[in-house]
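2 protein chains.
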Amino acid sequence: MAKNAFYAQSGGVTAVINASACGVIQTARKHKDKIGNVLAGRNGIIGALVEDLIDTSAESDDDIAALRHTPAGAFGSCRYKLKSLEANQAEYERLIEIFKAHNIGYFFYNGGGDSADTCYKVSQLSEKLGYPVQAIHVPKTIDNDLPMTDNCPGFGSVAKYIATSTLEASLDVRSMSKTSTKVFVIEVMGRHAGWIAAAGALVADHGIPVITLFPEIEFDQEKFLAAVKANVDRYDYCTIVVSEGCHWPDGKFLAEQGSRDAFGHAQLGGAAPVVANIVKQALGYKFHWAVADYLQRSARHIASRSDVEQAYALGQSAVQLALAGHNSVMPTVVRKSSRPYRWEIGHVSLAEVANVEKFMPRDFITADGFSITAPCKEYLYPLIEGEDYPPFENGLPKYVTLAGKSVPKRLPEFVLKKG
Amino acid sequence: MAKNAFYAQSGGVTAVINASACGVIQTARKHKDKIGNVLAGRNGIIGALVEDLIDTSAESDDDIAALRHTPAGAFGSCRYKLKSLEANQAEYERLIEIFKAHNIGYFFYNGGGDSADTCYKVSQLSEKLGYPVQAIHVPKTIDNDLPMTDNCPGFGSVAKYIATSTLEASLDVRSMSKTSTKVFVIEVMGRHAGWIAAAGALVADHGIPVITLFPEIEFDQEKFLAAVKANVDRYDYCTIVVSEGCHWPDGKFLAEQGSRDAFGHAQLGGAAPVVANIVKQALGYKFHWAVADYLQRSARHIASRSDVEQAYALGQSAVQLALAGHNSVMPTVVRKSSRPYRWEIGHVSLAEVANVEKFMPRDFITADGFSITAPCKEYLYPLIEGEDYPPFENGLPKYVTLAGKSVPKRLPEFVLKKG
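Residue numbers (the numbering used here), protein chains in the order written: chain A, 1 to 419; chain B, 1 to 419.
Any given hint could be a false lead.
A pair holds if it fits inside one copy or across any two, identical chains being indistinguishable in the list.
To be verified - Pairs of lysine to aspartate or glutamate residues, derived as DMTMM-like cross-links and limited to a Cα-Cα distance of at most 20 Å, are as follows:
| no. | residue 1 | residue 2 |
| --- | --- | --- |
| 1 | 178 | 114 |
| 2 | 358 | 145 |
| 3 | 178 | 413 |
| 4 | 280 | 256 |
| 5 | 398 | 378 |
I should point out that these hints are in silico values taken from the structure, not numbers from a laboratory.
All chains should be modelled from the sequences, with the hints used to inform the complete structure.
In structure tokens:
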């Protein structure tokens with residue numbers, strides 16, 4: 001009897017992670033002789049541990065196809081990092097038991113760096129325990145920090161959203177600057193790497209005076225204020241893109257400025273209002289600020305076509321790699337050319353991926369630390385290329401919610417350790 | 001010699017105000033026998049007062065056509081309210097002088113309630129001073145608070161953006177709620193009227209548990225927390241749409257909670273973080289929040305097609321009304337049917353429009369104050385109907401920046417009174 005496959009989504013979701021799920025399931029459905037059914041973890045790997053599995057064969061072809069244009073995690077995701085084998089072997093053993101009980105021979109794990117590591121360990125342990133499972137990692141992260149791949153699915157769409165939104169809001173400020181707002185601050189995600197902030201900096205190519213604050217560059221208040229003033233003196237307005245990871249020389253995040261509400265409670269989050277207030281105090285400019293937060297990573301309505309295509313292709317390739325006998329690998333995007341953008345799918349061993357983070361190269365940021373260089377632009381533009389609009393109905397995108405039929409349990413209960 | 005027309009944009013800009021400008025200019029260009037040239041005020045009415053006029057005849061037909069898909073104010077706008085005739089007749093007289101000096105016989109003023117009032121006064125005074133000008137007001141405001149028109153251009157596109165973004169972010173939270181974020185708060189514009197917040201409430205039709213906080217309803221913390229808890233108990237997550245105008249029973253805005261930064265300065269703005277922290281303190285749920293700010297009113301990439309069509313039609317109609325001899329009027333949208341949405345352009349006397357604000361009817365909000373009723377939905381859905389994507393180039397929308405050629409000055413300098 002053909003083995004089943006297990007598929008789970010891990011960590012923060014994206015506008016295109018379901019496109020990868022679509023690639024996995026549609027490809028598996030074409031090979032029923034080899035892959036009996038795709039069982040999905042409800043809420044990610046937790047679904048495997050507690051045996052809460054979704055029977056994807058109960059979903060119609062149309063609904064699976066609609067995953068391609070539906071943002072967020074259709075099966076639920078989770079922030080739950082499996083500990084090291086030494087610290088908690090019971091969880092890994094439980095996974096293998098679940099795989100045995102449900103005749104699972106393929107493990108497709110769709111996530112970022114942590115899940116690549118988990119995937120790697122599962123493949124190692126399954127062999128050791130005598131129940132070999134082919135473990136394939138499907139890359140996904142808006143942070144764009146996985147190594148060995150040209151980029152990570154989810155990033156291109158965030159980048160397109162941030163660049164578009166920054167451009168639009170900048171035109172708004174430009175219109176109003178004579179008598180009203182002169183400084184607009186937009187806060188973007190990226191606690192460790194400035195890839196998303198870099199996308200905001202692209203609006204300079206549209207004539208917008210923009211200053212970008214990266215997590216890679218220590219915040220220099222004096223230099224920053226001088227740059228803002230120079231822009232306002234010259235253009236009458238200035239746009240500021242600040243990464244949530246922007247920090248003071250002592251390592252403290254700007255967002256942790258120590259703001260207190262009326263009750264004296266620490267106010268969480270918000271590098272943008274902090275930056276706006278620094279400008280207001282020093283230079284007196286009227287400001288507005290925005291924090292896009294989840295809007296940016298779920299904005300499927302303005303997804304990048306290259307991103308959607310790659311997310312799908314990586315899911316598809318994961319299944320093809322499994323069918324070709326590969327184990328402990330991750331399919332990757334290999335860039336063949338930037339102009340025009342040409343890419344193909346490759347793959348690397350998970351041993352090379354696990355626990356490696358990819359940061360912005362220093363030469364992608366200008367010497368003054370406030371902008372991006374030509375090589376950075378050459379890297380970014382292909383990733384935001386093309387549109388891929390979802391269908392709309394009654395004025396809103398028509399996203400799918402799956403039936404999510406449960407697979408009957410076969411094993412005793414398992415209690416999760418508290419994180 | 002055919003009279004020239006003056007056109008200016010007033011107040012906060014929108015995703016579609018340039019579509020109205022496009023309607024005005026394209027229609028004027030078809031009637032060169034009657035309208036010599038359209039002179040636009042640079043930065044709104046200030047451009048008229050200081051004689052900073054833009055010669056739109058220097059803009060190509062293609063660039064004028066591109067206004068239809070370009071957000072914000074292509075000629076610049078301003079927040080500058082002309083005082084009453086008694087308080088500052090000099091400014092009105094200056095306008096008439098400018099009109100005389102540049103042979104202007106038509107005054108097209110594109111804005112909200114304040115500009116409707118200015119437009120009305122200009123038409124009255126010009127007659128009194130013996131230089132009659134036909135003054136036509138072109139409605140525009142994301143606040144949707146002008147009377148006598150089915151809706152105001154700019155609102156439908158904000159509504160579509162907020163409903164779409166709230167839906168997308170809610171799917172994100174739903175994916176993550178098992179182990180992470182349970183409450184997502186999105187802050188929307190609307191200091192006095194809850195029209196934009198109401199658009200966020202539409203996501204209830206997509207199965208999202210959503211609580212909406214309107215400026216029309218006093219904030220009741222206890223009732224609010226009970227509603228959030230009920231949603232999280234039942235659905236494991238909850239979306240909250242909060243209007244920037246949401247306020248305590250004593251009238252104080254939630255956004256003015258008295259947050260202080262590390263320097264002890266009052267932190268400006270942000271009802272969303274205040275609401276998120278109230279939930280966190282009382283119920284302990286992990287939260288995320290977003291403040292869309294200018295992103296929402298400039299989001300031309302997700303504009304509503306009905307909104308774009310109406311914005312254009314109102315600009316076009318303003319010129320047609322002028323050519324038909326009307327004065328002191330505003331073209332309006334008249335709804336003939338909601339399903340399917342059928343509308344036509346009418347017009348009303350400015351005397352009926354000036355200084356009247358349209359609020360949400362109480363029966364558009366549910367009895368508990370947290371949601372919208374069926375009549376409200378029937379009103380809203382047509383306004384977000386249809387998409388009207390801008391062209392894209394290199395991954396970003398291709399918006400136009402006009403040449404903005406200045407008209408030579410003919411009058412002595414005029415010094416603006418300080419607001």
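Which numbered hints are broken by the structure, listed smallest first?
Violated: none.
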